[in-house]
Every structure is written in structure tokens, then in C-alpha cells.
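> Now for the letters of each chain:
2 protein chains.
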Amino acid sequence: MSKALAELMEEYREIASKGLKLDMSRGKPGVDQLELSSGLFSGDECHEKLIAASGVDCRNYGGLDGLPEAKKLFADMLEVAPENIIIGGNSSLNIMYDTVVRAMLLGVYGGHPWIHCEDVAFLCPAPGYDRHFAICEQLGIKMISVPMTPTGPDMDKVEALVSSNPSIKGIWCVPKYSNPDGITYSDETVRRFAALRPAAKDFRIFWDDAYCVHDLDEEGDTLLNLLHEAEKLGNEDMVYIFASTSKITFPGAGVALMAASKNNVELIKKQITVQTIGPDKLNQLRHVRFFGSPEGIRAHMEKHAAILRPKFNTVLNMLEKELTGLAEWNRPRGGYFISVFLKGCSARRVVRLCREAGVVLTPAGATYPYGIDPDDSNIRLAPSFPCVEELQKAMEIFCLAVKIASCEAGSDNM
Amino acid sequence: MSKALAELMEEYREIASKGLKLDMSRGKPGVDQLELSSGLFSGDECHEKLIAASGVDCRNYGGLDGLPEAKKLFADMLEVAPENIIIGGNSSLNIMYDTVVRAMLLGVYGGHPWIHCEDVAFLCPAPGYDRHFAICEQLGIKMISVPMTPTGPDMDKVEALVSSNPSIKGIWCVPKYSNPDGITYSDETVRRFAALRPAAKDFRIFWDDAYCVHDLDEEGDTLLNLLHEAEKLGNEDMVYIFASTSKITFPGAGVALMAASKNNVELIKKQITVQTIGPDKLNQLRHVRFFGSPEGIRAHMEKHAAILRPKFNTVLNMLEKELTGLAEWNRPRGGYFISVFLKGCSARRVVRLCREAGVVLTPAGATYPYGIDPDDSNIRLAPSFPCVEELQKAMEIFCLAVKIASCEAGSDNM
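Here the protein sequences line up with chains F and H, keeping their order.
Residues 1 to 414 (our numbering) make up the first sequence, in order.
Residues 1 to 414 (our numbering) make up the second sequence, in order.
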């Protein structure tokens, strides 16, 4: 063992002996962020406030696709029309899962059930969101990796694959502040998505706009509206957009929704009327009362940003100070993650070293289809849940772990 | 036209001209019933009250199968163990639909995906619940009718079919205060269900215990616990129980759940972790706070009964006074429906006559698979939503419509 490695290991053992319990594994809001939405329930005690402006009694059955005023609010947030919106329960993941399931068993607008196809495949820009990949894996949908670039997925590859292979039925995208890279797709990328000419007539873009209003800086990134761009080309039936208030109000008790073309919305409403009488309207009404308008949402999101900014800066400053030369990373202007690419050591080794010292990270490989990072180099850091002090400690351990792993690997970068 | 018919038609035209708008079509609680649960939200304004006793922050992510205290409460209500419970969103219909969908695509415990079977069929005791039948119809599951008897489905037929036909994968049951007949299955019926020996090893009983605590009289019906009976015979994996608070607190904003064996629960949890991070825990916590115990639920249900009893009596008194000889019906001791069997006229004709006079009933045939009542005789009356005065008017029209239709049909019963 080299002298450098021995010294690092001594430092590591000392920290590891402290029995820390820190979690940077998931994009979970901190408690102070949850407090921002305390006012969500004020008014619930007054039963007149449980009746919507449209006269709908939100306590009773009905409202398959959402309250009119909630559809309006979230349509404005996504810059689409209320007719394009279907409101669901508390989880956009649930809506995405159900959307794939319906495609499998019933088919999408203009298509047949995917279970009748010999092969079904999805393109998966990688690194990406592990829960998207898990849906494909569970349902036996083949995943084809597409590399991410600083402007979004490699569109040359996407176009070539989608136009030539009719078994490719979908693609997973997190177009703004992508998970985990924090990349916002460029206007050109969005336009190329809107202009896709898939070999599969029932191909769908699963546009998970999870971080649509989740800017960290005053001036956030701008994402071109995919539904509008697709409409211009008569391609609007190819687009499913998903969003939720999970990271606006409460991750366990928010409102989730999807946006799609008129044809898609009509068919989906017909299909889901067999699954449910409707989602929780009271919770929709609370969100309408609490925000009032998209401006209300924007103002609220600035408070989130004020809490998150120092956390992101803590992580970024430590990376810069300690790991320059050993790793690369993005400086996202929004979202929930910082994606680190190790240059000369194993991500699996670093994640294990961190875990054994009490710091839980997203498992190495989780950001790639089938959990396999071909370079074993990407690690997703989620700075939102711990407080700044905890983050500082966690990052000390993380940086130390990278140095140890690099040293072990005999990297020249050390 | 006979003189009798002419007189009835004159009376009908006079009432029809009043432009009434009355709805007896769905089992929807009345506004006064909703008011009973106004206290559900008290406490929400205090953020300490959003943290569960177990320390779980109900505003944040997590809790795939429900809050421990909510599982306990609803386990006690259903007289099973908390380990048997999985809590879902706001709709037991949604849980049932998703359960069939998972069986189709992923398979149930010990089985293969049903989509790989050449034929999939369900037994449908009829008359039954139209939304159960709609799930089968949408997913291409063949429905086989089984007659209802005063003690539940005809068990000779159920046993013979289930034990001989491996394509029969399930049966829909509303075992207590059945929809629409209001029949509670006898102990013998429940024991025979528990002892079924299906040809399909992955056969499941879909036991929709929608009205488990929904007694109208002080002394309600007693339903034997199917999970316990099945456990005694080592048959517990055959049982799925479903319930919700839709008709306990709020139909749009209650808590739904399922109960099943350890093997089933383990597999389902593994499967749904890909679909969602978890249902709304705040709403579960509200229900725990509001009821405290199963006794709290029982006491609450007595208030519902006090509101519903006069409504059911209004309908039953009118039936007795006006339609004796022309129709038969049950006197349910709980649930939400009164099921009327016409003796000598068409249910379709009666429903149309009612609609044209401003009274909306459940469509004739809806209580049978594929919407086809072989005798065109059953009509489901739902007395919960209108007030007593409106019910009285609606029933006048209904009874008149039956008399007209009987007269038209030249029935000897007139």
C-alpha cells in the first residue's frame, strides 16, 4: 500500500468509526421545504371551502379527469390548454406506469395492444432515472441506451433508431434539469423530437417534466414546449407529458397529472373510466386555493430555491476543492441532482466505501438500464434532504472515498 | 289502449311535464352523510399533527403499503392482521383494476401472467356490480354468469365450474349487502368458497367487501371471515379482500385497501414498488386521527344509518304499497341498494319511462355481464343521494312507470 493510500485509509477509518447516518440517495425534499406548504390545509375545516367554484362537491364521487380549476392551474403551469390535461392521484410515476400498462394491454390512440407485438423496446437516454428503467424491466420492455449530450439525448442516434426499428415504441425523457445530469434539452433537441418520424405508428415520447418549475437560480433554463412544437407538425399524438407537485408541495400528498393531445386525452379518459371513478378532488382544490395561479407557483418555487441553493453549493464547492482532476460534474441550474463522472476509479467501489462509512448514495449503475453502467463511473448525488452541515460531512466522506478508490486503482490522475 | 292504461298515461304525462331532475342511479352518499366527516381535517393546520406516531413524516415520500397505524386500524376493521393489509389510494375500484392488470401482465403468486393463457374467464354472480364486469370486458376476460340465491352465489355451480375449467381465473363477489341485492353470504357459502379446489392453480376470489361496516339496522348481518376460513384449509393464497372508506368518510377522498395472505402481500409489494413510491399518507393519518379505533368507525356508521334508514324505508314502503304483485324485491339490512325484479314487464321500458319523466336509474341490464339481463327484469334502485321528499317523488314516477309497462305488456298481474 502506498503511503498516500495508507494516510487516506487512516482518515477514512477515523470518520467511519463515528457511526454517521447520512442519506444522499434520493431526490427527497428537506423538512424545511415541506414547511413551505403548511398553508395547504388552511380552509379544510370550513366545509364551504370543500365545494369547488364550479359547484362540484369535492368530497363526493366524480371528476374522472380532474376539477376544472385544477386542470386550468396545471395547464397554465405547463403552458398547454386545460383540455390537454388529465389529473391523477398523488404520483406521476404511477401515471407513467399506468400509461405504459394501458399501452401494453389496450394500446395507445391509433395502435394495437403492445402485448401482441413480438418485441417492444424503449430508448433510454442514459444516465437517466432508475424508476423509468424499472417500469420497462418489470414489463419485459427491452431497453436500448442512448448517450446523453450537453443538449439532451444524442438526437442523431434517436432519429436513426426510431425511424428504422418498428419495435421501438417509446423513449423516456426528463427534458428539464434531467435526472441525474441536470441538463435542459436545447430548442433544437426539442424540435427534433417533435419532428420524429417513427417506424412504429404507435410510438410515444414519455416526457417526464418532473422539474418544470424547479429552478435553482433566479433565471432558470427555458424548455421549448414539446406539445406545441409537435402540433405545428401534426405530430401531437406522439407526446405524453407528465408532471406533479411532489416537489412543489408534498411528495407523499401532492397532485400528479399528464398532458397530451385531444385524441390521446379522449382515448385515455375512455380507458381509465374502468379503473377509477376519479382521483382525490379535495387535494386538487387545496392546491388551487393555495396557489391561485401559475405566478403563485413560481413565487412558491423561489422559496424552495432559497433552501436548496446553499445545499447544491456545498456539494459543488467540495467537488471543486477536492476532486478536480479525479472527476467531472455538471453545475445544474435546477432540479434535484448532481451527476458525478469518476475518471479513474470504480463507482461501485466509491458507493461501497461511502456506505460503510455511513453515507448512503444511489447505487452505482442505477442510472443506467438494467443497472449496468458500462464505464462504472457515474454517481448521482441528491443534496436536498440532509441539512448543509450533514451534507458537508457526507461530501467529506464522498471525496475521501473517491481519492481512496482512485489511489487503489493506481490512477495517474492522483 | 285500455282505459286503465290511458288513465296511467295521463297521470304520467302530468308528472313528466314538471321537469323533475332526480337521480337514483348510483350509490352516492348524500350531502348530510358527507357532513358527518367534517372533523376529518381538524388538526391538519398544525404541522406536528402531520407526523405519524411512528415518526414518519406523512408529507414526504415513502410508505409503499401504508402507515403502520392505518394498517392496524383497517386490519381491525376487517378482522385480519396488519401484515395482511396493503393500503392504496382513494379508490378500491382502482386497487381491484390494478390487481387484475398485474395478474394479466405479471401473474399472481405462484402463477404465470394471464396474458399467456389462451383463455381467461371470471365467474360473475349476477345480478352484480357493473364496474366489476366493466374491468373484465375491457381486458378481454370472458364473463360466465352464476345465479345469485338468498344465501349468495349458487355454490353448486361455482364449485362445478371452478373445479373443472382451468381458464376460470377469478370470481367477483360483494359478500356483504351485495350490490345490488343486499344479500349477505351465509356461513356455509363462505366456507364453500374457502374450500374451493380450482382447476386453475392461480385462481383468485375477488372479495369486494365494500359494505363491511355499512349496516342499516342496529343489528347488522354477520359475514364469516373468508381469509380465516381459507387459512384453516391452507387455501389463503386464493383470497383477495378489498375495502375502502369511500362510504365511511368521503367517496372522492377516502382511503382504499386490500387484504391478502402473506405470500400474496409479499409479491404484490414487490410488484407495486415499480408503480408508485406510496399512496397519500396524510389522508391515512387523518383517518387514524378521526376514528381512533374500529369502535370509532362503528359509532360513525350508526350516524350514516340514521340518515339512510328513512330513505330506504321510503322506497320500500312505496314498493309495498304500489307494486305488490307486479314486482319482487329484497329488504336489505345494509349496503346501498334495493334490487327490484319486475314480474311481467320490461326493465328497459321502465328505465326509459322514468328517464323521460326526469328520474335517472341505473341502466337496465347494467347489473349483468355484458349489460344483458336475460330476463330484462332487474332494476337497481340507489336511495342514498336524493332527500326523502325527492325519493318519494322519484318512487311515485317509478311505480307509475312499472304499472304502465305492465299494462302495455298486457300482464295478467295488473
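Read the hints as simulated data drawn from the structure, not as lab findings.
This structure is a prediction, so every number in the text was calculated from the model and none was measured.
Mixed in with the good hints, there may be bad ones.
The list treats identical chains as interchangeable, and a pair is accepted whether it falls inside one copy or across any two copies.
Stated by the list, open to error - EDC-like mimics (lysine to aspartate or glutamate), calculated; alpha carbons at most 20 Å apart, straight line:
| id | residue 1 | residue 2 |
| --- | --- | --- |
| 1 | Lys-270 | Glu-137 |
| 2 | Lys-232 | Asp-202 |
| 3 | Lys-49 | Asp-32 |
| 4 | Lys-270 | Asp-130 |
> Are the CA atoms of Lys-232 and Asp-202 at most 20 Å apart within a copy, between copies, both, or neither?
within (19 Å within a copy, 50 Å between copies)
> Regarding Lys-270 and Asp-130, is the shortest C-alpha distance of 20 Å or less found within a copy, between copies, in both, or in neither?
between (30 Å within a copy, 16 Å between copies)
> Under a CA distance limit of 20 Å, which applies to Lys-270 and Glu-137: within one copy, between copies, both, or neither?
Cα proximity of Lys-270 and Glu-137: across copies only (13 Å, versus 27 Å in one copy).
> Is it within, between, both or neither when you check Lys-49 against Asp-32 at 20 Å Cα-Cα?
Between. Shortest inter-copy distance 16 Å satisfies the 20 Å Cα cut-off; intra-copy 27 Å does not.
Comparing the model with each numbered hint stated earlier shows that all of them hold.
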